[in-house]
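Note that the numbering used here has the sequence shown beginning at 419, numbered continuously upward.
It should be emphasised that the hints constitute simulated quantities derived from the structure, not laboratory data.
Pair ranges (Cβ atoms, derived): (1) N534 <-> R490: 15 to 21 Å; (2) P493 <-> D443: 28 to 34 Å; (3) F520 <-> S432: 15 to 21 Å; (4) W538 <-> T428: 17 to 23 Å; (5) D443 <-> A549: 28 to 34 Å; (6) S452 <-> P493: 30 to 36 Å; (7) T422 <-> T462: 27 to 33 Å; (8) E550 <-> T428: 30 to 36 Å; (9) M419 <-> R490: 39 to 45 Å; (10) G450 <-> T477: 18 to 24 Å.
Beta carbons are placed, not taken as given, at the ideal position from N, Cα and C, and that holds for glycine.
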Amino acid sequence: MKITRNSVETNQGSRESFTGAVYIDAVAIPSGTSRLNASTVHFTPGGRTAWHTHPNGQTIYVIEGIGRAQRRGGPIEVIRPGDRVFFEPGEDHWHGAAANRFVTHLSMVEVDDKGNSASWGAHVTDQEYMAEAAAGEG
419 MKITRNSVET
429 NQGSRESFTG
439 AVYIDAVAIP
449 SGTSRLNAST
459 VHFTPGGRTA
469 WHTHPNGQTI
479 YVIEGIGRAQ
489 RRGGPIEVIR
499 PGDRVFFEPG
509 EDHWHGAAAN
519 RFVTHLSMVE
529 VDDKGNSASW
539 GAHVTDQEYM
549 AEAAAGEG
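Based on the sequences and whatever the hints tell you, model everything.
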């Protein structure tokens with residue numbers, strides 16, 4: 419057994435990749451033969467990622483709160499504690515908090531051979547974010 423004490427500070431998500439206040443705590447950073455990149459991501463109400471893809475897909479596990487997730491061309495889905503969402507490799511998507519709720523999820527991805535975990539696109543506009551009233555956010 420090996421215990422690694424957390425020595426990494428919470429970082430604020432970059433304005434290039436996120437809308438609203440988003441905070442990230444590193445859980446696992448790729449090193450040696452491990453390609454795993456995992457973070458706990460805390461979204462404030464209305465906070466969200468920009469559109470993005472992952473070369474090897476992404477799994478998010480909702481820890482607390484109420485969130486939203488959408489793949490390009492699909493409906494906005496409500497996500498809740500215990501939900502696991504898998505985005506296929508190259509699937510354009512976004513995820514974040516509901517309009518009036520916080521959400522925290524664990525993000526797990528494997529980096530590619532060049533160490534890339536994501537390709538970032540345009541920000542999700544307010545119109546896109548509010549396009550569909552996702553049921554069950556209350």
